[in-house]
Each structure stands twice: as structure tokens, then as C-alpha cells.
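Residue numbers (our numbering), protein chains in the order written: chain E, 13 to 274; chain Y, 9 to 330; chain P, 1271 to 1526.
One thing to keep in mind: the hints can contain errors.
As the list claims (entries may be wrong) - Facing chain P, according to a computed beta carbon distance under 7 Å, are these residues of chain E, among others:
id, residue
1, Q51
2, A123
3, I126
4, F131
5, L144
6, P200
As the list claims (entries may be wrong) - Every beta carbon over 12 Å from chain P, so not counted as near; a handful from chain Y, in silico:
id, residue
7, G40
8, G103
9, D115
What the hints assert, rightly or not - Covered stretches of chain Y, going by a simulated chain P footprint (3 or more residues, C-beta under 8 Å):
id, stretch
10, 122-135
11, 192-200
12, 285-291
Just so you know, these hints were derived from the structure itself, not from any lab.
Since the model is a prediction, treat every value here as computed from it, not as a measurement.
Just so it is clear, CB atoms sit at the ideal spot from N, CA and C, and this is done for glycine as well.
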Amino acid sequence: MRENLRVFFIGGYLSYRALFNWMHWSYYIPTMLGAPVFQILFFAYIGRYAQVESDEFFVVGNAVQLSAMAGIYGMAMTVGGERWTQTLSPLLATPANRLPLFLGRALPLIANGIITSAFAFFVGWLLLDFELTWSEIPALAVVIAVSAFSCTALGLVVGALGLRMRDVFFLANFVVYALLLFCGVNIPLDTLPGWMQDVANRLPLTHGIEAARAIANGSSLSDVSGLVWTELGIGAAYAAAAFLLFKLFELEGRRRASFETI
Amino acid sequence: MAVVEAHDLHRTYRTSTGTLRRKWHNVEAVRGVSFEIQEGELFGLLGPNGAGKTTTIKMLITLLIPTKGTARVLGYDVVKDAREVRRRIGYVFGGERGVYERLSGYDNLRYFAELYGVPPKEIHPRIDYLLDLVGLKGREQERTEGYSRGMKQRLHIARGLLHDPPVVFLDEPTIGLDPVGARELRATIASLTSAGKTILLTTHYMFEADALCDRIAVINRGEIVAHGTPAELKRDVVEGAVVEVEVFGLPDGTVERVRDLNGVTSVSIEEREQAQLLIVQTQPEVELTQSILGTLDGASVGRISRREPTLEDAYVTLVAEE
Amino acid sequence: MKTLRLIWVGWKFHVKSLTLSGFFILTSVLQPIIFASVAYFMFQAGAREGTLLYVALGAGMMGIWSSTLFGSGGAIQWQRWQGTLEYCIAVPPPFLLVIVPLTLATATIGLYSLTATLVWGRLFFDVPLHVAHPVAFIVALPVTVVGLGLLGLILASTFIMYRNANALSNLLEYPVWLATGLLVSLSLLPVWVGPISWVLAPTWGINALRDAAIAGNAWPEIGMCLLLSAVYLVIGYFALQHFERLARERATLTLT
């Protein structure tokens, strides 16, 4: 158990450092903090122009989505990036337990997501018609953490698929855009066609966003607990799926010696 | 007038370490390099990796601005008259990268032919001729992402010659080529000289410089440490002898002890698998084998030989770490 | 004459190269379609009337800007990775003549986005594809592409300096969508955004396209777009010279 914890924390920290070593603050700030500001403004203003919903709708939706984005890209890059730097083979050859290994990577991404969301809420409060009371913040933090977790799990699936595909970044991009379309980030869920709502309910983020909006409207954490648990469950399901995929591809990759050559 | 002139070229890079608190330091890659190349010469810049060869060439082909010093190609200053220089030179860097991967070799050459101002009527025949010269005929319609390293190298060479420049710079052109390909390339380079072109060739292969070049400058750690024709360089060394002793477990301090012996010009060590090869250059007419053995402190000794020095020995001496 | 041929050959070359790059095409088609869908749904859910063609054009333009931004800004970075940046600098023509065909090509690829969003809108959102003034539309289209391409040129010229230039690309996508009024009427934005939007060629381009498609006189806007493009060209020329020289001084043409 202790060994697993070590792998979890140290491995996660080191690999986070390794992947983002090249990421200078001059890259981080525009990408993780700058772009989100404008994303929120963009959709909020469309909302105003199209006369749909309110500023709050868009601030909350995008803030939660932004926390997720880091999870998906980060996780996809964990695998994709390692393919890139040719460290995947040696890594998979270690006896370290897969679960704490990858969970260790998820933790900094979730933390990153929380920071990005917090910043997004702040921007919404500063520049748009959006208010948040102090009492709502802890509940929101929980919802965001859960959403970020479930999106990281989705990112794991993307990363796992990346073991088979040539271009994992493309898939990661596509998934992020799909979330933007389906999960009610900027479109009221009930205005979407039925089949899209069905898909949305099976994706991460949807329930998290719904819960976050409810909290911003005054609900308490216990009021939305059903949504939060659903979100958590969806995340766990994706994580499980990812591990199955890893096992599958790992075995196949060993058989076909295909890790580096796809 | 010399075709290529370099006067006291310097180039310093600023690099940084660390992410949160950056520390900047300067790396002096080239520290005062000067030489001249005459028309029709094949000039070699010889040195180990990291010596500053590529940096020097990049300054001459206008890709880097020297931090100090000047250079001229065909009379044009490489900084002030960069465009004029670029019209008249070709260069080959080689390596895996540097081609547009999604497009064919032919398309790549077509594009650069246009950039280099090859008259439209001549483009196709010229490309045809060059493909033949470098041995890529028949493969030119394939995407370059599928090219082997050697094929990419050949494509680089073809590109460098597209506009038939009078001066050609080749940076380690045979790296990555198989022995046959490398030999063919050397033949091609030699033929370029007979066609009247002036060539600067960098390499870290001693034998290549020896075989091809009219004159060689040896560069190490940013400075020219020797220059002359291969014959001249050999002459400086050919007087004397080289004693090679195979030692199993070289004792500490041996190198210093040997160096202290009278008549020794230089000492170096080559690592073999189980042993070290002690290579001692001595002055002529001096018999030092016994004394050398005496410094070995009773260590086990394998083969001992005494031979004439080669240009390789001179090179090793010049670039050896002190 | 030689210059024109160089631009033509270069443009063809880069369009071909980009078209064969799966990643680029798919993000030029897939991303715009998704963003267009988000826009269509938002406007459908909203109270404002009669906006579908307006949305379609705006969403398509978003795609053209993304292509230009990531293409042009990314072009420098991509050439750096590919190792071809140095080769493109050490050629006789001024660097401007190497980059202009490239940024024009990326803006042209953006036309795929416009087509895709319009077709998508027609198929799934009942967007009426009726153009009121076809001639003006057909003229406004390449003019807008040129305007975008040359704006991309200015981007590219700053990106050449920085090894991590693509971070800036991420930052400039949404703001330009906002400031050029692609989907949001500029009257809704703070007053100070106005002047910024006027100096951006795409603002005039989208207005021209809208006027040509829906109702109005597109020609003055076409003229403005052309004028701004000429200004961009001049700025780009000097910026490129400056940054290229800086890149040679600081040795940032390669990855290491």
C-alpha cells in the first residue's frame, strides 16, 4: 500500500514536471488563464445577443468546462506525450501498479482545473453580470473537483485510445469540442434534440454543470447530491473503461511490438 | 580575392536553466575563427562534435549573425549583403528534418527551385539532372515522409545545388549514409570541385577530410587549432613515432608519468572493452618503450606496437581534452 | 512578374501541403462545424428572430480565422519543427515573399470551413442559402480571405521570434471572434472595442459578406477590407524584416 502511495505521489509529480518542463509561464498564462477569459466573454455575449439565458448561465457552464479541459488535454498528453518522447515502453515495462500511477497523474490536473475554474468565476464576477456568495463557494469547489475528476477519467480513455491511434491530440481536441456541444455548457440542455440529451447524460460534465448552476442559484450541496454522485459515477465508469483498454492494448502492443511505430 | 573570408568570427549563445528562477549564461560557441578559401578549393573544417563547425557555417550562410567579426562570400558581407550572398551559395545540412513531409521529393525541389530563382524553362531539366546525380531517380514522386534517412540526405544535396551556385557549403554531408552511399557522395563532391565550384566541407571524419580536401582547418572548442594542407599537417606529425600499449587496468597517474618522460609529445587513452590503449606520440629517434612500460606500475600488459603516425593521431592530439 | 509567379507557386505548394495534412484539415472542418452547431443551437434557443444565415456566415468566418491563426502563427512553429524554417530564410527573395503565400494558403484552407458550415447549416438547421447580391458575394469572399491572410502575416512575423509562439495562437482565437463581430453585434460590446474592430480586416469582410448575402451595399466594405490589407502588407514587410534579423541574432530559427 505504501509502495502504491509513493508511486502515486512521486510518480505523478515527476511526470507532471517532466511534461510541463517546457511550459514556461509565458505559455501557461495565455493558454490556461488568458484564453478562458475570452471564451467566457465570447459565449456570454452571444447569449446576450441571441437573447438566451443569462450571464450566469454562461459563466458557470464555461467555468466548469474549463476545469475539465485541462484534465482531458493533460491526460491525453500523458500518454500521447510519452509516445512522443519515447518513454512509454520503459514505463509500461515497470512493475508499478497502473492505478496509482495514473491516478497520480490525475491529481495535479484536477488541481490545475480547480485553479482555472476559480479564475474563470472571478473573471465572470469582474466583467459580467454574475454574483456569487461566499457560502456557495465550498459547494462549487466540490462540484468542480468532481467534474474535473470525471473529465480526467475521460481523458484517460482518450489517452488509452491514443495507444492505438497515430494522432491522440486530434482526438483530444475533438472530445473537448464535443463536450462543448453536448453537455449544456452554452446551450440549455432541454433545447437540444432528444438523442443529444441522451448522449449528454452519458458524458462527464453534464451533471456537474447542472449541479453548479443549481448551486449558483442558491441550492445547497445536499440538494444536488444526486447529480454529484452521478457525475462521480460516470467518472469512475470511464476510468474503469480506460483501464480495460490499457490492459487490452498493452497485451496487444506487446504481441505486435507496436507501441512506438503506430 | 578569396571566395570566402572569415575574420575573427565570434558567436555567443545565451542559454538558460531552470523554470521559476532563470539563470542565464553565455556559451561561446565560436571564439575568433579566421580563414580564407580560394576559388575552386575544397576546404575542410574538421573537428569533433560541439567544436563550432555548424555555428561557423551558419554564420557564413547568413543564418546567424556573428556577435563579433566579419565574413564575406564572393566579396559580399554576410550581414549587410545577405541577399547577395544567398543568391550565390548553396548549402546542405542534412539530417532527418528540413523537408516538407507531406509532399513529394519532386514538389520539394520544385518549390525551392522557384525560391532560388531558377528560370522556369530550366527547372524541370535541372531537377531531372540533380535527381540522377544524387541517385533519387524514380523515387521523386513519393512523399518525403516515407524517405529513408539516406534518401532525405540526397534530397538535401539536390536542393543545395538547384541554382548551380558557385559556392557550396556542406555540413557533415555523409552522416547517416551507408558506406556505399557515403562513398558515392564523396565522389560527387569531388566532381563538384572539378566543375569549378568552391566548397566548404565540415566533418568529424578524419579520413574524409584527408581524402577530399585541398586544405583543412582543425577546429576545437570554437577555435582553429591547426590549418594547412593534409600533407602539411601530416608533416608536422610524421616525424616521430607512435607507441601503443594495451593495458589491463591503467593505474592512476600513468598519463602524467608518461607525459613527464623526455621525448614524449603527447599522450592519449582509448577505451577498449576490457582494456585501455595507451597511445604515446614520441619525437623521432627516441626509444621510449621500456620507459613507458616502467610507468605502468606492474599492470598487466597486452599488445605493444610501434608505428608511424597518421593524420588521425595529429587530429586526436589537437582536439584531445587537456 | 517573377514575384507574382513566386507567390502563385508558393501558394499552390502550401495549399497542397496543408490539404494533405489530415490534422489541419480535420480541425478546419470539424471544429468549425461543432462551433457552428453550438451557435445554431444558441440562436435557436434564443428570442432573436431571423438570424440563421447571419449565424452561418459568422460561424464560417470563425473557421477561416482559426485556420489563419493556427495556420499562420502555427506555420512558423510548424516549419521550425519540420526543420524547414532555416531553409526558407536563407533564400534570395525577401522573407515576406516566402511567408505571404503561406498565410494566404492557410486562409484559403479556411474556405473549407466556410463551405462546411454553410452546407452543415443547410442540411441540419434549415439555413436558407439564398444570396441577395451574388456578384458582391463572390468578390467579397476572396477579398476577405486576402484580408485574413495578411492579418495572419503580421501574426507570423511576431511568431518567428518566439519558440513557443503557439501559446499566443491559443490566446487570440476568441478575442478576434468577438472583436470582429462575427456572431455578436458590435453594438453590444463596450465602446472601446469599436476602434479595435475597425482596424481588423475581417470585420469589414464579414460585413461585406453579410451585406452581399442578406441585404445592403457590400462595396464600401470590400474597399475598406482591401485598404486594410494593403496596410497589413506594408506593416508585415517591415515587421518580418525586423523579426527575421532578430531571430538570426538570437539564434531562434531552430528548436535548439
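Self-check item: Coverage assertion for the stretch 122-135 of chain Y with respect to chain P, Cβ distance below 8 Å, three residues required
Solution: holds (count 5)
Quiz item: Do three or more residues of the stretch 192-200 of chain Y come closer than 8 Å to chain P, measuring C-beta to C-beta?
Solution: With 0 residues in contact (Cβ-Cβ under 8 Å with chain P), the coverage given for the stretch 192-200 of chain Y is violated.
Exercise. Would you check whether E:I126 satisfies its interface hint, that is, whether its CB is within less than 7 Å of any CB in chain P?
Key: violated (20 Å)
Practice problem: Verify the interface restraint on E:F131: the C-beta must sit less than 7 Å from at least one C-beta of chain P. | Solution: Since the shortest Cβ distance to chain P is 14 Å, the answer is violated.
Exercise. With a cut-off of 7 Å on the beta carbons, see whether E:Q51 makes it to chain P.
Key: Since the shortest Cβ distance to chain P is 5 Å, the answer is holds.
Quiz prompt | Within 8 Å of chain P (C-beta), three or more residues of the stretch 285-291 of chain Y | solution = violated (count 0)
Self-check item: Supplied contact hint for E:A123, tested at 7 Å Cβ to chain P
Solution: Violated: closest Cβ of chain P sits about 21 Å from E:A123, beyond 7 Å.
Practice problem: Closer than 7 Å between Cβ atoms is the bar; does E:L144 clear it against chain P? Give me holds or violated. | Solution: Not OK, violated: E:L144 not within 7 Å of chain P, min 23 Å.
Quiz item: Any CB of chain P closer than 7 Å to the CB of E:P200?
Solution: The hint holds - E:P200 has a Cβ within 7 Å of chain P, the shortest such distance being about 6 Å.
Self-check item: Non-interface claim for Y:D115 versus chain P (Cβ beyond 12 Å)
Solution: violated (7 Å)
Quiz item: Once the closest CB in chain P is found, is it more than 12 Å from Y:G103?
Solution: violated (7 Å)
Practice problem: Hey, is Y:G40 genuinely clear of chain P, shortest beta carbon separation above 12 Å? | Solution: Consistent with the label, Y:G40 stays out of reach of chain P, its closest Cβ about 18 Å off (over 12 Å).
Of the numbered hints stated above, those contradicted by the structure are hints 2, 3, 4, 5, 8, 9, 11 and 12, listed in ascending order.
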